[in-house]
Amino acid sequence: MVFSPVLRRRIATLMLLTLAALPLLAAGRAEPGAAEPVQRELTIYSGRGESLVAPLVESFESETGIRVSIRYAGTAELAVLLAEEGARTPADLFWAQDAGALGALAGAGLLAPLPQHLYDNLPDIYRSTTGQWLATSGRARVLAYSPGRVDEAEYPESVFDLVAPEYRGRVGWAPTNGSFQAFVTAMRVVHGDEATGDWLRAMQANDVQAYRNNTTQVEAIAAGEIDFALVNNYYLLRFTANDPDYPVAQRFFSNDDIGNLVNIAGIGVLSASRRTDEALEFAQFLLSSEAQAYFTGTVYEYPVLANVEPDERLESFQTLLDSSPQVDLDALEDLEGTLSLLREAGLL
Amino acid sequence: MHVLEVRDMTRRFAGMTHPAVDSVSFRVEPGEIFGLLGPSGCGKTTTLRMIAGFESPDNGTVLIREREVVSLPPERRNVGFVFQDYALFPHLSVLRNVMFAMRGTPARLREKRAAELLRMVGLTRVDQRMPDELSGGQQQRVAIARALGADPQLLLMDEPFSNLDVALRDATRREVRALLKEQGLNAILVTHDQEEALSFCDRLAVMNAGKIEQVGTPEEVYHHPRTAFVAQFLGRSNLFEGEADGEIARTSMGALSIRPAAHGRVLLSLRPEHIVLTKGCGGELEGEVVAREFRGHDLTYRVRYEDRSIIAHTEYTHSFYPGQRVRLMAREPAVVLRDMNGSAALVPGEAHG
Amino acid sequence: MTDALSAARPLPAEHDRPPWYLLVAPAAVAVVMLVPLVYLVVRATEADAATLASLVLRRRNLELLGNTLLLTGGVVGATTLIALPLAWLVVRTDVPAARVVTFLGVLPLSVPGYVMAFALLSLGGNHGFLAGVFGIVVARPSGYWGALAALTLYCFPYVFLNVRAALAGMDPSLEESARSMGYGHGGVLYRVILPHLAPALFSGWLIVAIYVLGDFGAIALMRYEVFSYAIYTQYSGAFDRTYAAWLSLMLLALAMVPVLLEGRLLRSAKYARTGTGVARSLRRIRLRAWKIPALVFIALIAAGAIGLPFGMLAYWLSLRPPWGELGRVGQAFLASAGAAAPAAICTVLVAIPIAYLRVRHPSPLSRTAERLVYVGYALPPLSLALAMVFFSLRLLRPLYQSLPLLIVAYVISFLALAIGPIRSALLQAPRRLEEAARSLGLSPLPAFARTVLPLLRRGVLASVGLVFVIAMKELPIAFLLAPTGYVTLSVAVFSRTSEAMHVEAAPYAAAIVLFSSLFVGLLLRHEGKE
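The listed protein sequences correspond, in order, to chains A, B and C.
The opening position of the first sequence corresponds to residue 15 in this note's numbering, with each subsequent residue numbered one higher.
The opening position of the second sequence corresponds to residue 42 in this note's numbering, with each subsequent residue numbered one higher.
The opening position of the third sequence corresponds to residue 2 in this note's numbering, with each subsequent residue numbered one higher.
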């Protein structure tokens, strides 16, 4: 097609005008509808992904009639955002991927205490002793490995065994990743800074490979770059759901080893919220067996309620409780200490 | 009423010791084509740009039809400007380039008027072409048509003919001059070409180093240069010193009549065509032809006498050859040159031809 | 003959005062760019000296800095090696389907960094594409070379766009006169073309260098440790804003080095044609036997920069066809385009007066305004977004988490991208055109709009396209500043990949790539004749 310069210019102008008008269209969609006097609303900052959260929120909305607005972003970004917003936050509830973020906000006094009945029947590993946040699902640290290149005799008993020469260059970890850092914090709480620092340095001396996060480590095992990785339990299951022959397996260390730390995804209610009731209703909803079954079935995390069966690909609730070390999740707040330890070890 | 009056205009550029334009004053009379002539860097283009309003003077005033315009932006001065490289709008057709200017004309009349203007400058069948499809001469005419489209009170032309080849240049110059005269338009032409200035302009100002050295008709500035610079810039000239006493001066060429009358040591200019060469020996002054330059309609000789040399033009009928002895004689009075202060005192320096 | 001195030298400001309304944009930019700086300083002053020292004054920072510089230099070099020949082929030779090749040269911009890195990673390894299809096990790219490859493959279009515009605007008589002085093709390249392209190369390099300095995504996936690691970790690991502010300021200081350097190098640059009349169009060089190697070169780049990521997306899409998701994808697209399109247009509207002031009224003020533009671009986006949060909550509460604020943040962040093409186009539009229009009775604004603006079309379209495409895939700013519930394509992608659901993310990532490339294609169509 050949356009005259004039026509071409007109088309370009038209195009630009159309584009400029787009926000009106989009804004029309984002705009809340006509104000009804009784409309109850709730604003959630969600570090958990849309594909997981959206269906749950839809059924919550239809059950309660509460209109929910959600901001999806990384847990870390949202935690920083909430800290920056402080008392001015428009958010009512924060749904985080890890306890560290919740602990940091609780430490800064931004989370409101939750009513005890909400977390009364949760096991200890799933609740904050200060009651400012609670777990909605659990995820265990596990050892992922390549079944093709690792034989049974090589299974390590403890995460501390990975410094042995036979594992030289074969292990991966993710020092910049939040769940790994939470694990290091737990190790400091249980074994002390010195032992943790020694372990970090010994691992490095043993040529441990650093990756960005859990997923990339699982992929690195499949690709043959490493044979072992320190990861959360559910990533592998999401791979095998799409590809049953995915060449990676995972297992716990021996019972109570710090390498089996159970971390959580959970929620906290902002103390600046003026819609505490709605927020608590949502918290209650997430602890319903319906929501719990959804978590474990969809994203292969552990339910926090004993009466909900974990997905068949997960260990039983009891096995999880047995293998996990006893660590007070509130004690995982000292992120700065962990970061400086990692920094001293030259990992960050 | 003057069409334009420039008073004491001065403009300095950062980092330069001397002003680019230094207290320049002149007037343009109705119907007149005025020239600004000078060598490269003399400040003539800057002067023109200040009249147009593209630059502001540090000092001085510009009056167009007795209205002070220094504070006015270019678009409110009603002057047309023809750029050396024409500055045609590359994204508009020839016709639209011309129509661009016609803001005062009702929209429906513009196209017709633009076509008329194009015909007036001698362009047909190029209306719909884009500027890059035209030859240099055609672009130049479009530029003039465009400038005229705005009905300017004054047309400013910055070296408009310099990008044309010689043959085209003469013809275009004649046509443009005829057009300006026919339309009764006032124009200022900036040029470094003395022949162009002499033939195109009704009056002209000769500029040097930011200053105007002389203003006058082409005949005046040519025949009666006020300064050594003017004498030399407008054609060739023989400069030499003399001891004046009234209308006579004693020089190395002997006693010459001079004008105007002066006393004391003076610098004199004698045009080559004002020297007569004749065959043979004897007479007051005798020299030897050292170079000969055939120029078709005349001949130029370099003649050495005593320890100096001089140039002279002769008619084609007078043919001499290097080595020949000739007699020299002035047939017009030599012109007494002045320095920039206007006194006839001697300007020190070599006299050269 | 002109009075060359007076016509060519930049005029001192006092004689050439720009109209007041031209100063509005640079003044606004100066103020707005100060917002994040003030914020960072406010946060930085909360630091405790001992912790600060242990964080800022440690040896490891030097290592990270060294890695950063190595990578930046490498990417700048590698992008040039791809972009320069590609631009030359497209503009100056009879390479077949030059428009398609141009399109291919711009397209990688639309690829989100993580898709490119994933695509590269999934090539090699035991379980990778090559192993699965051909049974060849190649080590996966990682470390320096992996990061270099990933960044180069999606950054080279910045250099390509700049060089292409400069080449197209070059006066052919310059080359011809060099040839007539006895220089061969090589001599012309080194003595005429490259010096003439220098300004375009510098601004392309600047954009790429600052991008690499601040990139975290691709670098982390490739496991190469650079300075931006430290900043990201500080936010994500410790949820800490104080020390992250220090690190951001350090990164900013680092990024301002090339900015100041470019300013110094370009201060004397002139690229307006000095020849007479209207520019002739360029004569294309016939490739003849070189056509084959040229096409191989183009095919290799297309395979790497486009084939890889598109293949990756196609594979993901084939695992789970996206038909059920299309409604949501469409909605997310509207959200993305609803932010990206006005951001692109506003950015260009701000960029034009700043570039104009810089080119036509050079002064310390206009130079400063132009430099400040890079502050927004060089800031880590998370720091910039936090700064906007900080200020809007205190001063502009009703605008907080509204679309206009998101757009303002995009303008701040992407202004530097828009300035370059517009500035180059302006430098090639002779000042005399405006003067001619002024002498024909137009006041400055209409004179500009009717003579120069049409000549800027190529530059303006390039800027609109660049900003649009980059804003489409932008993430951290949208995280914090988009209206709550406003899920853009990139947020949708993130909120799936963060749960390791790459297959589920694919339709959204594909939509980013698809719509961005459609947009780029449309812009190129309307760019006008080559």
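One or more of the hints may lead you astray.
[Stated by the list, open to error] Not everything, but these chain A residues come out facing chain C in the computed CB check (under 10 Å):
no.	residue
1	62
2	85
3	228
4	319
[What the hints assert, rightly or not] The following residues of chain C were derived to be distant from chain A, with all beta-carbon distances above 12 Å:
no.	residue
5	193
6	362
7	363
8	431
To be clear, the hints were calculated from the coordinates, so they are not data collected in a lab.
Don't be surprised by glycine CBs; every beta carbon is placed ideally from N, CA and C.
A quick look at each hint next to the structure:
{"no.": "1", "hint": "62", "in the structure": "7 Å, holds"}
{"no.": "2", "hint": "85", "in the structure": "5 Å, holds"}
{"no.": "3", "hint": "228", "in the structure": "7 Å, holds"}
{"no.": "4", "hint": "319", "in the structure": "21 Å, violated"}
{"no.": "5", "hint": "193", "in the structure": "30 Å, holds"}
{"no.": "6", "hint": "362", "in the structure": "27 Å, holds"}
{"no.": "7", "hint": "363", "in the structure": "30 Å, holds"}
{"no.": "8", "hint": "431", "in the structure": "20 Å, holds"}
Checked against the numbered hints listed earlier, the structure breaks hint 4 alone; every other hint is satisfied.
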